[in-house]
Amino acid sequence: MSGALDIATAVLLVAGGFFCIVGGVGLHRFSEFYQRTHAASVTDTAGAGLMLLGLMLQGGLSMVTLKLLLVLAFLLFSSPAIAHALVKAAHGHGLALDLEIEDEPGRDGDAAG
Amino acid sequence: MRLGVLLLLAAVWLALSGPYTLDGWLIPVFGLVSVAFVWRLYLALERAAGGGFEFFRAAAWLRLPRFLVSFAVKVAAANVHVTKLILSPRIELHPRLRRVTASQKTSFGQVLYANFITLTPGTITLDLRDDELLVYALDAESEADVMDGSMDRDVLRIEGSAD
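Protein chains in written order, with this note's numbering: chain A, 6 to 118; chain B, 1258 to 1420.
In case anyone wonders, no lab produced these hints; they're calculated from the structure. A portion of the hints provided could be inaccurate.
As the list claims (entries may be wrong) - Cross-link-like lysine-lysine pairs, in silico, BS3-like; alpha carbons within 30 Å at most:
| id | chain 1 | residue 1 | chain 2 | residue 2 |
| --- | --- | --- | --- | --- |
| 1 | B | K1362 | A | K93 |
| 2 | A | K93 | B | K1341 |
| 3 | A | K93 | B | K1331 |
| 4 | B | K1362 | B | K1341 |
| 5 | A | K72 | B | K1331 |
| 6 | B | K1341 | B | K1331 |
From a predicted model like this one, the values you see are computed outputs, not experimental measurements.
Bound conformation, chain A alone (with noise of 0.2 Å):
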């Protein structure tokens, strides 16, 4: 069984690092500020959460995996504070967007105008 589990645990490794070099990838090709932070997430929810995955089949029902699990939980949190905070700050000092569609404004209008 054990066979089993190593296997499991390097699919879910390999595929986990797929995912953070495709969201390197997709940081350089992608052409503009606010595209590239989609990029980056594909890094910080599939690329950590398979890699973390994996590892908690090795830790099995213990500590190792409450901790693991810990971690997972802390990234889910911080990581789109984290975008949203460079997002915000991008959009309110007037980094334009590149649309093709866009909504009216709001009530109170954009910060951006």
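Given the coordinates of chain A, assemble chain B onto it according to the supplied hints.
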């Protein structure tokens, strides 16, 4: 509920660095001090948010597994979509900025919804004002994930205000 948070913090500290024996007093004292400090932070946060976090009710924890499954499925699908976009020979994006209503009743629910959108690759929350989110999406398919309202319903359900 506040006591629940205190117990949760103590349990987390014990799990992460806990001494399971009672010899020596320094480490347990450090633990008490750090738990007390973080609990103090939580109380300040609760005051700043203007009320307790409904999330810590038992009912919300019971609804958590279903939410997490739905969350994982949506994030996985979005990851596959954005991966395809990144690896396609010609990058074709149709970026758009949309206003989305966050129909959650509590600020906690609204923040959870905004973070849900941001975590999903392909969509990101630029701003949250009153009950309106400013969402930037990479293309029509990413946008549809938010505009069809299924994420909104997920968060409503775990918030406990779904119909």
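Inset, instruction - Provide an ascending list of the numbers of those earlier hints which the structure does not satisfy. - result: Violated hint (a single one): 4; every other hint is consistent with the structure.
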